[in-house]
Amino acid sequence: MYQARRRSARTLDRPTGPGPVRPAPSRALRVALALAPLVGLAVLVGVLLFGNLVHTVSGGVPVESVAVEDVRLSPGTVELRVRNDGQTPVTLSQVMVDDAFRPFHVSSPTLGRLASSTVVVPYPWQEAIPLHVALLTSTGTVVEHEIPSPSRTPSGAPATFAMLALIGLAMAAIPVALGLLWLPMLRRASARVTGAMLAFTLGLLAFLLVDTTAEGLELAAGVGAGLNGVGVFALGALGALAIFAAVESLGSVTRSSSARPSAGRSSSGRPGVRVAGMRLAWLVAVGIGLHNLGEGLAVGTAMRIGEVALGAALVIGFAIHNLTEGVAIAAPLASSPQPPTYPQLRLNQDPLSGPAGKLDPGWPPGEGGACHPQGGPGAAGGRAAGVSVGALLLLAAVAGLPAIPGLWLGGLTSGGVWAVLGLGIAAGAIAQVVLSVGRLVVHRPSPLAAASFTAAVGVMYLTGLLA
Amino acid sequence: VRRLGRRGFLGAFGGAGLAVAGGAAAAAQPHHHDPGMSMPGMVGTVGEVDHERNGFHPDELLRSYDWGEVSRAADGRTVREYHLVASEKEIEVAPGVRYPAWVYNGRVPGPTIRAVEGDLLRITLENRTDHLHSVHFHGYHPAEMDGIPGAREAAPGASVTYEFTASPFGLHLYHCHSLPLRMHIARGLYGAFIVDPPGGRPKANELVMVLNAFDTDFNASNEVYAVNTVAFAYAAAPIQLRAGELVRAYVVNVTEFDPVNSIHLHATMFDLFRTGTSLTPHELTDVVTMGQAERHVIEFRYRLPGQYMFHAHQTEFTDLGWMGMFEVT
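Residue numbers (this note's numbering), protein chains in the order written: chain Y, 3 to 469; chain D, 381 to 709.
Since the hints were made in silico from the structure, they are not lab data. Be aware that a few hints might be false.
To be verified - Heads up, incomplete: computed chain D residues facing chain Y, CB under 8 Å, no partners named: (1) VAL423; (2) THR425; (3) VAL426; (4) TYR445; (5) GLY476; (6) ARG478; (7) THR596; (8) GLU603; (9) GLU696; (10) LEU700; (11) GLY701.
Claimed, not checked - Here are the in silico distance ranges between beta carbons for each label pair: (12) PHE52/Y to ASP430/D: 31 to 41 Å; (13) GLN128/Y to ASP430/D: 33 to 43 Å; (14) THR120/Y to SER601/D: 20 to 30 Å; (15) SER539/D to GLY48/Y: 47 to 57 Å; (16) GLN89/Y to PRO560/D: 22 to 32 Å; (17) GLY427/D to PHE52/Y: 30 to 40 Å.
Glycine included, C-beta positions come from ideal geometry on N, C-alpha and C.
Required output: the full structure, derived from the provided sequences and hints.
Next up, the structure:
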């Protein structure tokens, strides 16, 4: 048995060894073989598409499908942006508002596949009274759209931009910064407590992941079958997951190669641990930032479609929500200067994170700086230099400010498929951070950590209720 | 039109927490008047229906009668023979909106079959569709002439003949009674059936008004309402009347999916003859509500020239096509 395996292994190593020598294929043949799959595939696709093979199976008459992608309300006018997302051309024949035919104007009544058009309906709509708009096509198909609480669509005037930016600051950036103020308090906590804090962070992020995914998928359902909203969401989420994972690994490679000469010193663990904490804080901040982009998008969209009256409640809810997110960023920073029994050390020993003992200058590069070869007082000094007030403000900005472009995007432009893509990217980014933080937490399971994780999920649920 | 739930819509913008209710309207909405909706007879639809392509004109539906091919029986009785053809036809029920109808003699409603009480009627149905069809008359007739499954239903490509005596006098209707019944009526297989009293009714300007509706997206609720099939047809081209003349309308409700319909005349009152089976009016009113297949004869006069509206007082139907105008000169 052993012999046989040896022999086959050798054969694999030297394929031209014992057997007859095969003549190398000619260049022409190699080229032909390289092209054959492509040509063959093209022919197959052609046969499937034009050979009427698919139609024998599908049968059926194509169904008309029109998606209302955007609604804009101005005094006395309702304007709908519609897209034919079905397989067959659609002609818009009549418009019904609140179960009554209404005169309207449409830029082009017949929509080809994926074509869009604008339907303008003069209608004396009233603030906060629900509007039900239906388009009747030439075949009698009804396309319905509900505006639950109409209000004038905000325009892109500078005042509106500024107002939305203020809302973004109030609901995201400032609360995150306030959450970071708890950092010194978290620092004095024991190893067990900081481990639990990490678990708390993981709980917050895991909840955000579920929440963002649910939001994105619900919005995707409204996009219409033709554009495949769920597919767009998946594209954004999985693409973002891959890209952010690549960015993180790229950072590891760069750091490990530059830090190689000092590998010996890293056995003390401390500098690597501190820097890992900083790096993790950045990751968490970026993930939360992307989530806030999504939250801004959601609030902005809500305001644009006529839920502006809910603005106060929404902003208060998100503000509390974001305070807990500030804590999530602070948790990895708080645990970094502790002795090497701390969860962060595991990051460096984790084979998934690259070779043990790497030292890095902080993340992103240029942040906080130096490696600290000695423990004790040196570590304490590094702490002060590494997590400066400026760095904390930058973290808060990265985590909180993306809410502002989200608000602009949601509040001032049509949502539809781009909003789904945005939420997909947010979900993918959060998923990547969840994987990174989760890797640390699972190494040191404890009842306290489990309780902390669960508490975080509960807190997120409760603050979500307020929004 | 089937409405979306409020929750369903909010759900589309989901977890961000839009479910919290309340919040007062922020800014006052400026009052706006819509100049396009301020003329008598203005309607909400845009465009015009191609009546020629439909193959029938609203005026024809209003004022034409099929008296049948008349002959005399040996006993001196009047014999009337009618020929109905059931076929499939796409019709325009509102400007630009086409409905795949099932029709008698190419029109919806089918021809108004008219006879005098006591006449012998022979109605032949020729079925040129792929489905079973029949003609079921309201009024007295033998069981075997009932036009239901098992009693003179015409197979695809086949013909059947119904024979009975026109009775009692009044306003009746006929419709297909093949199964599923609701589908066969909603698709357009119906018409008015008028049996005149032997001595006739007083001379009048007579109109046939069949109240119907169309479920264009086939979800068991109507999108388009009308009198005589085409939404707002008599608002676009008002019905011409003379001041002071007696007007008699034969009003038949064949609306499916909605349990009741009605007719309301503006600026006048009418004598109501329920089912037209009496020559004495039941009441003087200006609105009468009718269940499915209910029908009444109404008589009225306009004293002064002008434009007068008539419509269903199920106001949703009014907004969706069941509204018209009289132009009195």
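Tested hints:
About 7 Å separates the beta-carbon of VAL423/D from the nearest beta-carbon of chain Y, less than 8 Å, and the hint is met. With 8 Å as the threshold, the beta carbon of THR425/D comes within range of chain Y, its nearest partner Cβ sitting at about 5 Å, so the hint holds. This hint holds: VAL426/D has a C-beta 5 Å from the nearest C-beta of chain Y, less than the 8 Å allowed. With a cut of 8 Å, the hint placing TYR445/D at the interface with chain Y is violated, because the nearest CB-to-CB distance is about 30 Å.
The restraint placing GLY476/D at the interface with chain Y holds, with a minimum CB-CB distance near 3 Å, inside the 8 Å limit. This hint holds: ARG478/D has a C-beta 6 Å from the nearest C-beta of chain Y, less than the 8 Å allowed. A least Cβ separation of about 2 Å between THR596/D and chain Y falls short of the 8 Å threshold, and the interface hint therefore holds. Contact between GLU603/D and chain Y, as hinted, is supported at the beta carbon level, the nearest pair being about 6 Å apart and thus within 8 Å.
Proximity of GLU696/D to chain Y holds as hinted, the smallest CB-CB distance being about 5 Å (cut-off 8 Å). Satisfaction of the interface hint for LEU700/D is found here, the shortest Cβ-Cβ separation to chain Y being roughly 6 Å, below the 8 Å cut-off. At about 7 Å, the closest approach between the beta carbon of GLY701/D and any beta carbon in chain Y falls short of 8 Å, and the interface hint on this residue holds. Between PHE52/Y and ASP430/D the C-beta distance comes to about 36 Å, which sits within the given range of 31 to 41 Å.
A beta carbon spacing of about 36 Å between GLN128/Y and ASP430/D agrees with the range 33 to 43 Å that was offered as a hint. The beta-carbon spacing between THR120/Y and SER601/D, approximately 28 Å, falls within the hinted interval of 20 to 30 Å. Separation of SER539/D from GLY48/Y is about 51 Å and conforms to the stated range, judged on CB atoms against 47 to 57 Å. Between GLN89/Y and PRO560/D the C-beta distance comes to about 29 Å, which sits within the given range of 22 to 32 Å.
The given range of 30 to 40 Å is respected by GLY427/D and PHE52/Y, whose C-beta atoms sit roughly 38 Å from each other.
The structure shown violates just one earlier hint, number 4.
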